[in-house]
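**Student:** So the sequences go chain by chain: A, B and C.
One point on numbering: in this note's numbering, the residue at position 4 of the first sequence is 4, and numbering is uninterrupted.
One point on numbering: in this note's numbering, the residue at position 270 of the second sequence is 270, and numbering is uninterrupted.
One point on numbering: in this note's numbering, the residue at position 106 of the third sequence is 106, and numbering is uninterrupted.
Since the hints were made in silico from the structure, they are not lab data.
The model shown is predicted, which means the values in this text are computed figures rather than measured ones.
Hints may be right or wrong, so weigh each one.
[To be verified] To be clear about the criterion: a stretch of chain B counts as covered by chain A if any three or more of its residues have a C-beta under 8 Å from a C-beta of chain A, and this derived list gives those stretches:
1) 82-91
2) 208-221
[Unchecked claim] Covered stretches of chain C, as calculated for chain B (at least 3 residues, CB under 8 Å):
3) 45-58
4) 129-138
5) 283-291
6) 359-372
We put the CB at the ideal spot given by N, CA and C, even for glycine.
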Amino acid sequence: MGNLYYNKTAQWAVYVVFFAALGVVPLMVSDSFLLNQFATYGVYGMLALSLSLCWGFGGILNLGQGIAFGLGAYGMAMTMQMQSQTESNPIPPFMLNNSLESLPMLWQPFQSTTLGLILAVAAPTLFCAVFGGIMFRARVSGPFFAIMTLAMLSAFYTIILDRQAYTGGVNGLTPPGSFQFGDFEIDPYSPAAYWVVFGFLMGATFLTKLITQSSFGLVTQAIRDDAERVRFLGYSVAGYETVIYTISGLIAAVAGCCWVMLVQYVSPAQMDVSFSLSIVIWAAIGGRHSLLGSILGAFIIQGAQSYLGDTFLATWLLILGGFFIVVVRFLPNGLASLVEKAFGLFERRDPTSSPAPDGGRPLPAE
Amino acid sequence: MDLSSLLNALILGVSIASIWLIAALGLTIIYGTAGVINMAHGELIMLGAYSSYMLQFHLGLPYLLCLPASFVIVALVGLALERGLIRYLYNRPLDTLLATYGVSLVLMQGVRLIFGSDPKYLAVPEIFQSNVMLGSVSLSAFRIVVVAVTALLVIGLWLLFYKTRYGVQVRAVMQNKEMAASFGINAGRIYMLTFALGAGLAGVAGALFGVLAIVLPTMGASYVVQAFLMVVVGGGSLAGSVVASGVTGELQSVFAFFTNDTFARFIIFVLIVIFLRFRPQGLFAQAGARR
Amino acid sequence: MKLTRRNILKSTVAASAALTLPHLWLPKSSEAWGATLKKGEPIKVGLLFSLTGSLAVPEEDSTLVMQYAIDEINKAGGVAGVPIEPVIVDAKSDFAVYSEKAKELILRDKVIALFGCYTSASRKAILPTVMQRDHLLYYPTCYEGAECTQNTICTGPLANQHSQDLIPYMVQNFGKRVFFVGSNYVWPKESNKNAKVWLEKAGGELLGEEYIPLGSSEFGPVLNKIREANPDFIFSTVVGASDIAFHKQFKQEGFKVDKMPIASLTTGEIETRAMGAEFGAGHFLSAPYFQSLDTPTNNKFVESFLASKYGKNGTTHYNMEETYTSAYVFKAGFEKAVAAVGVENVTPRIIRDHSGGIRVEDDVSPEGLIWIDENNFNTWLKPKIGQCQADGTFKIVKAAENHVAPDPYSIYPDAGICTKDGLKAPDGKIRKSVI
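Here chain A stands alone, though its shape is the one from the complex (with noise of 0.2 Å):
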């Protein structure tokens, strides 16, 4: 007998345990204020599970995850503007103030709200295909790839922030209104939202988790830990690092679409360069090699930036610095490499089975 953590079906037992404790918040909390933070917390953990999957199993360092989210955002956010928008007022004020007369062509597809959704989620994703293919094709990886996310994602921030008359620039987007879906308008302090969230995020972490145990999941894993071996062994390396950082990316634009739904706002901020670290601080303190890891970890490092950040107004930053430097120099697996180590405890010494040696071992799923 192995390790527990590595059992799948006691991992899968726990992921809908996990799922289960999330469902039912609504009904024990009826503060809104709560229910939408942690609806919001909701958005930050897939975000996390996003950059776990292409960073902990496909060993793509992205700093760049704000693009897919913030490219997601903005197109919720036009999709929603566009919803409150009337016959006699036709186009944005911001436009108007930035001397536009007509709606620009960029805005036309996002006055239908169906057409407005698919672009938010589809314009990211085939921007990461793209974006992808082409740099994976050309063997870039490891720190290039990601200082080249950071370069791209500082082009998106400045060309937003430049081209004001069409994105609101510094300001960024603010729909008046609530979402509004067929008939049904979600309330972002409503249970309906947080439901959303949660309905998204489990959806995501079921999908991520099946690619994971897929034989998919396990060549991208052999690449992340040796990406010359696999190649020689005759896979498309680049195809499959372009296909799991696609769908990160798509994780990311959803996140970005609930994001919106839940703040009804979104700026170039969230493509700034340290909301895209963020993302990666949650997934290395909470483990990037666990999905259910990483997504704890938003939920913690957030969580604790609401609660504690203001008790310890001025050494806040202090705490979380020096909380990330040792998770970093003493736990690089994460705070879940804790738990992995503390079934480890269990574990049956097992002649038979070998285990792997200590160090710089692959690991399996989870």
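Position chains B and C against the provided structure of chain A, taking the given hints into account.
**Tutor:** Same frame as chain A, but now just chains B and C:
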């Protein structure tokens, strides 16, 4: 537009390039030698500015002496950082990126606690507060100082790496750490000194930037990404960073001349991505470097 | 073994449930703020400013001066006999955190009004929440206008008030040719549109218009363009750290302040102190308030504020003064609302509805009498022009004779007029909550 204004833009480009370069110098040798991606580099620049401020404000040190003093102070900080944290992470390059990001948060908040979040300023001699006219071309005296200091540092580094025993050792460790060790070179010590040197260079940059702009706890954040791009485009070598900064500075100045500053930045970022697509190893990658 | 795993899980779930437990007893608050003030409890107001990060420089001062104002009001007997209690949060210079904290203050702390924000971006980030809960935001600084909500009261100058005197003054004293420089976002662009109107009236000529990315400290290219255009003066809407870099490099590049001064909408006492007075001296600023304003009220305000525990930063400036008067606008509005509906029925919206026309008199307002417009709820004030002196203080060279009316849509007459109930388009239709 006439020729003289274009000439002005080109000369300004040299100045912008020197700013990009001096911000990237320390990062270049740290990354080039040890492969460490130091996200706290911007905060080391910030520390340089604050050390100059402190020396000037509390000890009344003249500005020109603040430059070497900042070098020493920040180099010591770098040394402590390397001994306390970085040396445990050399075989995990992506983790150095993460850990140093944590360091940058700590440094930023630490400085804010000590000095407060209101901006400080560095006083410079009156002679640096004017400009020099050469025909129709104008340059500020202080920008000339920045270009000169940058040039001196580049020459100094070149001499250090190619004309001294330490330089030979550094290059040996860069090419093959184990082999170098078997010849009796203490790789750990080389890394430590190089990291301190790189940090010190950031300190000098900070002392200069504090005069051009503003001394704030958050001032470093704006330099780190562009410094990184220079290092990666250059391929981690000294010559690479010089060329990369030179080209980027000129392009930035010329684009800003024809369009506006924001759009110029956008073009630069896109060009960098396109360039790295075709040459991911950068301009001058070191032969035999382990990557 | 599975049991062990489950046990651990159970206890984890239980632990996390325990963490959330205290909130279970909170009353349902999904409705608009409608809770009544209870006897013996103070009035809670939210102070939503950044105490850390890049916006902390101006906003920390706002928090301090607001606490000072609240102390002062409480010492004098409070508002309608009830003391005010500030709920202070830190928005960390992060627009997403502004949004989160606004929700927290409104929904959880149930404050009756918010005082906060320094930038349009953070204001826009919290406005959806404020409008949806029909709440009330006191926005205590200048902004660009072109907004018509039923939930804000602004005590700073609008773009139309800001440059009305400054541009003609500069044209008269220095010449007609002007160059516009601003940070690249909405407030400088809108301010420049207004300035162009005044420039045309004054017979001036616009030579060029440049925008710098926010936070950028490289002014070389812009200064080259200015050198080439050789204007008589520069009109600047550069903000924050960039503004300081701009003034320093202006001098370092050899520009002379007496030949080509900068007329700014932002460079006040705090900025001048940060860059060193030698870089600020000689330039001009338009603001409704200067620390050097020589009136008994202001002298008393400066003296007692700097002596108080909140005056540690050693300066007062226009932004702080606008924050200070907003506390008195709130006091007057609240008391009027109480007189009209009784203390137990006061809601943020009712305060707002009773705030039109409120005056803060000479003996309270350091900048002199101001009052709130009955239609658009911005402030009637007297813009003043100050010239920075060698010691970093400002000498007032011109003060408006009459109060200037705030007009959020002055350059967009087609959009309509902002009224109490919403934006009234030329065809008579009224739209609420236009942002």
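**Student:** Run every hint past the structure and note whether it holds.
**Tutor:** Quick rundown of the hints versus the structure:
no. : hint    : in the structure
1   : 82-91   : holds (count 3)
2   : 208-221 : violated (count 1)
3   : 45-58   : holds (count 5)
4   : 129-138 : violated (count 0)
5   : 283-291 : violated (count 0)
6   : 359-372 : violated (count 0)
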